[in-house]
Amino acid sequence: MKKLETISQSLFDAKAAEAVAKNPIRKEVPLKNIEILKDDQMLVDGVKIKMNRDAFKSICKIVGLPVGFDKTFSSAFGDKARQALVNRLKTAKQANGSTHVSLVVNPDTRQIISVQKDPRDLISNSSFLKTTTEIIDRYNLDVKDFSIGENGSVVINTVSPKNVWGFEGLKDEDHFGGATFINSPDGGFRVSSFLHRLVCANGMIGTGFDETLALNPSDPLSFEKFYSSLNELAMVGFRPKGYENRIRLAMHTRASLNELETAHSAIRSLSDGIHRELEAWVPYHSTMEAFYKAGIDAVFLNTNQKKSSRTGTTVWDLVNGITHFATHDNGFTISDYDRRRLQVEASRILTKDFDMMNIVKSPF
Amino acid sequence: MAHKEAQGLRKPMSDEAKAKIAEAVRLAAQKKREEMGLPPVGSPSAPAPDYIEKPLELVRMSNQEFPDDLFIPMKTGKAVDFLFTNEGGIPKACNFMLIGDPGVGKSTVSLDILSDLALAGYKVLFISAEMTRIDLYGYVKRFPKFGEVDILFIGEYCDSNPKTVIEKSLEPGYDVVLIDSFAEVQEDIKESLRLTTSGAEKWLIDAMVSHNLGNNLSRKNTTFIAIQQVTKGGVFVGSNKLKHNTTGMMELRLCADSNSPYMVFAKNRRGSVGKRMFYSLSTTGDVHYDVKRFSNDENARETLASERAQLENEEGSFDALFGMGLGEDNEIGGDI
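Heads up: the protein sequence lines correspond to chains A and B, in order.
Each residue of the first sequence is one higher than the one before, counting from 1 in my numbering.
Each residue of the second sequence is one higher than the one before, counting from 1 in my numbering.
Label-pair distances were calculated between CB atoms; the ranges are:
id : chain 1 : residue 1 : chain 2 : residue 2 : range
1  : A       : Arg248    : B       : Thr284    : 40 to 48 Å
2  : B       : Lys123    : A       : Lys225    : 39 to 47 Å
3  : B       : Asp286    : A       : Gly64     : 52 to 60 Å
4  : A       : Lys225    : B       : Pro67     : 41 to 49 Å
5  : A       : Asp219    : B       : Gly316    : 23 to 31 Å
6  : A       : Gly64     : B       : Gly316    : 29 to 37 Å
7  : A       : Glu5      : B       : Ser258    : 34 to 42 Å
8  : B       : Lys243    : A       : Ala17     : 46 to 54 Å
9  : A       : Leu11     : B       : Val209    : 55 to 63 Å
10 : B       : Arg308    : A       : Arg248    : 45 to 53 Å
11 : B       : Gly316    : A       : Lys38     : 22 to 30 Å
Residues on chain A that point at chain B, a partial pick, calculated with CB under 7 Å:
id : residue
12 : Ser124
13 : Pro217
14 : Pro220
As a list, the in silico BS3-like pairs of lysine-lysine whose alpha-carbon atoms are at most 30 Å apart:
id : chain 1 : residue 1 : chain 2 : residue 2
15 : A       : Lys130    : B       : Lys292
16 : A       : Lys241    : B       : Lys292
17 : B       : Lys267    : A       : Lys225
18 : B       : Lys78     : A       : Lys130
19 : A       : Lys130    : B       : Lys275
20 : B       : Lys75     : B       : Lys145
21 : B       : Lys123    : B       : Lys241
22 : A       : Lys225    : B       : Lys78
Since the hints were made in silico from the structure, they are not lab data.
If you're wondering where the values come from, they're calculated on a predicted model, not measured in any experiment.
Where a beta carbon is used, it is the ideal one built from N, C-alpha and C, also for glycine.
Input sequences plus hints: build the corresponding full structure.
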């Protein structure tokens, strides 16, 4: 069993100070006072302000434009037509009674990073840290890591050393239960299970499981539900209900080529690892070669075909490859925050419908 | 006519005779009331006298002196202390009203507080106008600590003057007195002394205020906790005078979501209002307070308050960052 490493109080305090300093700033503005100029720029009270892709997506969502449709519309009618559409939808939204939105800005880049319906749906990093610290103390959790994203997002992974649990018949699958605390300008304050596998000390953030809790600070009743659900989660050692079933299923299901490719590209995009260097975690190239040797040049397969292409790697191996890369120092450059993103990605793969899970062996 | 007199039938009474008799009855009643030290019938509704019975005294607080001990709250040692005052404990020389829906546990909760204070060494008295000693015996089986509280069963003195009974019982001086219920004691006084409702209420309030000020043999600044009845709609039935003379108004309610009982101060001059303390009566021997839930509520309250302030700051920072409100048009943020 690998030793459980936790961070010191002084490091926690230093990170907390940094998180407060990087806190994004919010401003509530009337919907009528904003106008989309370009994909990456809006006019707010007569001032042009740059925005990132996430902010554009969130405003599309607020005005009722389906995710992805903006791209389709843009390729068909051009960017200007799309901006005009968003502005028209915005006007329609105003007429419908929605009068305000909240702009969230990164004070360092002076860029809008998110647009929310209500500024009170988000919580400042200082309030997030205060609540999180109180919960950590209450449940005697140990802080494993503390990461801050570029936009002031914060992720804190914790484990409860007294909550070790395993699964009948599964060797090497003992886990420490814990909780992950997330505060981000787009998703707000969330808590999910943190799953620490003892045999390899890999960590995974269980955002994909139903037990993920969200706190809506604008609603006082939300606090009560939040604390009550958190208590229920703590009572079961922070173990998500469906976790065991997902592990068993993932162990017996082969990953599709599409899943392998998704995992590979997630690691590649967040680290400086290139192609074959990542084989130990995601055997993408060896798999592609195997397909090639079998007379299939998988490079030319479309997404649906890749989803139907079985690989030699199980989903559980794939999940462990990602969590191992995310948790340990393997000599690659990757920020702490991106490590957490990979831990979330691993959970997403584990909890989604596996591409190969419904494949039936055919007699023909 | 002669026939009628012979049959012993009474001659009709003249109006003058009727008036004489009525006057005699009125004078006799007045004399009796004077003997008992009571105001004339109907006096509370009569206009206030145009003279001041007591020499007029304008108070300057800088000239006032009270012992420090008077401001140290009496601790029950339970979480409910922090509902009464921010520093924790039941304040001295105060009057608290306790109202709530039927069956929510008004008597149990208040007796639990009283018993804990008794166990902590405070001198306490329970004036029960609603329960008999047999009723309470059952309670004591479930909550043995209630057995150590001194109790006055006012119903056992129905042939006596309740005013005198209460005065006598309060005379030694207590730290805390629980009245269950204010309306019932008030009704007893009203009926026995033929006072109006407001007259009886005034007498009871005056007695409480007098003992708040330490007018008793042991000079104790008594605190009163009085259970008060509510209307079917859950509204306090006391007068405005009663409301104004209370330091705090505690409500015992059932949570709409969970149906769990909780207490909350709707008014509290010595502590916070609006803080909910959930409790459970199911545990034998003690009222159990849900401290964790109270702490969660506290956190939520603090978070909401600090977030409101934070949001205002952030809006100011936003304006400063983009020079908004300064008449500088077309400033471009970010690196384009």
